[in-house]
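Engineer: Each chain, written out:
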Amino acid sequence: DQQVKQNSPSLSVQEGRISILNCDYTNSMFDYFLWYKKYPAEGPTFLISISSIKDKNEDGRFTVFLNKSAKHLSLHIVPSQPGDSAVYFCAASIHNTDKLIFGTGTRLQVFP
Amino acid sequence: DAEITQSPRHKITETGRQVTLACHQTWNHNNMFWYRQDLGHGLRLIHYSYGVQDTNKGEVSDGYSVSRSNTEDLPLTLESAASSQTSVYFCASSESQGRADTQYFGPGTRLTVL
Chain A
12 DQQVKQNSPS LSVQEGRISI LNCDYTNSMF DYFLWYKKYP AEGPTFLISI
62 SSIKDKNEDG RFTVFLNKSA KHLSLHIVPS QPGDSAVYFC AASIHNTDKL
112 IFGTGTRLQV FP
Chain B
60 DAEITQSPRH KITETGRQVT LACHQTWNHN NMFWYRQDLG HGLRLIHYSY
110 GVQDTNKGEV SDGYSVSRSN TEDLPLTLES AASSQTSVYF CASSESQGRA
160 DTQYFGPGTR LTVL
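Protein sequence lines correspond, in order, to chains A and B. My numbering puts the first sequence at residues 12 to 123. My numbering puts the second sequence at residues 60 to 173.
Don't take each hint at face value.
[Stated by the list, open to error] Under 7 angstroms between C-beta atoms, here's a sample of chain B residues computed to sit facing chain A:
#, residue
1, G122
2, S124
3, G165
[Said to hold, decoys possible] The following residues of chain B were derived to be distant from chain A, with all beta-carbon distances above 10 angstroms:
#, residue
4, D60
5, H83
6, T85
7, N90
8, L104
9, T130
10, A141
11, S153
No wet-lab data here; the hints were simulated from the structure. Ideal placement from N, C-alpha and C gives every residue a C-beta, glycine not left out.
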């Protein structure tokens, strides 16, 4: 049973526009959420995170929104750049554990 | 600079052989993790360790084992490799215990089992 779901396997966005990547989860015990970015032939790298006590966290061009009632989070990238082209993984964790549960990933392509 | 390394980066082996993938981190992190990445499944946890002599099974642990004899290393062993274990394997580490924390990933090992 997939507890963290990324229903869009791919997304294509024009440079300069907004990219919105979505993630849904089923376990109401999750209280910490992260986004990782992965380039080909490299390991995932941490991008941004949010605690369940917040509904928004912003870091430069990246903003993560959390809607606990809908069990949904999204990553906004504004403006999108070609260097943002990568696979993005959503991950979730439960308080007092160190384990992360990952989604299946969304491949973002930003074209000129 | 602190880092996490994996070796080999690529490995081809035959069904039934024992294979060990190395993971070494210089962050001095207590926690270490092994994942496999497969199309349509994302990253799935194989085994993890919260410290020396501590190991735990993840969601896809069958056919794999780990041991933690020091802080820096968590080798992953495939006891008898199967074609279903063809995958990309990532090692990760994190500092804290008792709460979620950012995990830092190695570059991955691509394993092919023929």
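Engineer: None of the hints should be skipped; say for each whether it holds.
Structural biologist: How the hints compare with the structure:
no.: 1; hint: G122; verdict: 20 angstroms, violated
no.: 2; hint: S124; verdict: 18 angstroms, violated
no.: 3; hint: G165; verdict: 5 angstroms, holds
no.: 4; hint: D60; verdict: 14 angstroms, holds
no.: 5; hint: H83; verdict: 14 angstroms, holds
no.: 6; hint: T85; verdict: 15 angstroms, holds
no.: 7; hint: N90; verdict: 5 angstroms, violated
no.: 8; hint: L104; verdict: 6 angstroms, violated
no.: 9; hint: T130; verdict: 15 angstroms, holds
no.: 10; hint: A141; verdict: 23 angstroms, holds
no.: 11; hint: S153; verdict: 6 angstroms, violated
Checked against the numbered hints listed earlier, the structure breaks hints 1, 2, 7, 8 and 11; every other hint is satisfied.
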